[in-house]
Amino acid sequence: MLERLWNGWRSSYVSGLAEPAPSGSESIFTRILSSGLPDEETHILRRGSQCFAILNAYPYATGHLLILPYREVADLEALTVSETSELWSIATQAVVAIKAAYAPEGINLGLNLGKPAGGSVSQHLHVHVVPRWTGDSNFMTTVANTRTLPEALDVTAERIRSRWP
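FYI, this note's numbering numbers position 101 of the sequence shown as 88, with every residue one higher than the one before it.
Don't read these hints as lab results, they were simulated from the structure.
It is possible that some hints are incorrect.
Stated by the list, open to error - Here are the in silico distance ranges between beta carbons for each label pair:
#1 GLY122 / ARG34: 33 to 39 Å
#2 GLY122 / VAL68: 37 to 43 Å
#3 ASP26 / ALA87: 18 to 24 Å
#4 SER149 / PRO103: 34 to 40 Å
#5 ARG18 / LYS102: 17 to 23 Å
#6 GLY122 / LEU63: 29 to 35 Å
#7 ASP141 / PRO103: 31 to 37 Å
#8 GLU138 / ILE15: 19 to 25 Å
Glycine included, each C-beta is placed from N, C-alpha and C at the ideal position.
I would like the entire structure built from these sequences, with the hints used as guidance.
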């Protein structure tokens, strides 16, 4: 019997509409910040004075979020001392919120600095915070180049926001 998995919010990605910005232009994160749209619509979870947290629009797992400086910088060493401090403070808060919201068995935190390292938006440094569970390697990624997520981004955003310390 054929099973169907609905992931309607991914249609723009799989149809090629979510293409990366041309070289030399602002990152998607800078464009989101300057859009004037409300945080609920852009899935911004938390704003600090120099950094912010936002859901990953194409998450590896439910709850996958990103921590970024407002300032568009590519290199870790280009951050000021205060940006670095706030970036990791918000990352720590994000871990607390994800643990409270999802009770994962583990969490990955990481940066992909530069395109060869896997940075899809390499001009705007961001820390990935990804909840993990034993056996969560998504077989659909292997067999169908697709990820399945059981929760819409709006629901995920509200769930994490409500548990942010």
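Problem - Consistency of beta-carbon spacing, ALA87 to ASP26, with hint 18 to 24 Å - result: Holds - the Cβ-Cβ distance for ASP26 and ALA87, about 20 Å, lies within 18 to 24 Å.
Practice task
Could you say whether the range 19 to 25 Å given as a hint is met by the Cβ separation of GLU138 and ILE15?
Solution key: About 22 Å separates the Cβ atoms of GLU138 and ILE15, which means 19 to 25 Å holds.
Exercise for the section: Check the following: the C-beta atoms of SER149 and PRO103 are separated by a distance inside 34 to 40 Å. Expected result: Because 38 Å falls inside the window, the suggested range holds.
Exercise for the section: Go ahead and decide if the range 37 to 43 Å is satisfied by the Cβ distance of GLY122 to VAL68. Expected result: 40 Å, holds
Exercise for the section: Confirm or reject the claim that ARG18 and LYS102 have a C-beta distance inside 17 to 23 Å. Expected result: Since ARG18 and LYS102 have Cβ atoms about 19 Å apart, the given range 17 to 23 Å holds.
Practice task
Given the range 31 to 37 Å, decide if the beta-carbon distance of ASP141 to PRO103 lies inside it.
Solution key: The hint (31 to 37 Å, Cβ to Cβ) holds, given that ASP141 and PRO103 are roughly 34 Å apart.
Practice task
Just tell me: holds or violated, for the beta carbon distance of GLY122 and LEU63 against 29 to 35 Å?
Solution key: 32 Å, holds
Problem - 33 to 39 Å as the expected CB spacing between ARG34 and GLY122, which holds or is violated - result: For ARG34 against GLY122, whose Cβ atoms are near 35 Å apart, the range 33 to 39 Å holds.
Checked against the numbered hints above, the structure violates none of them.
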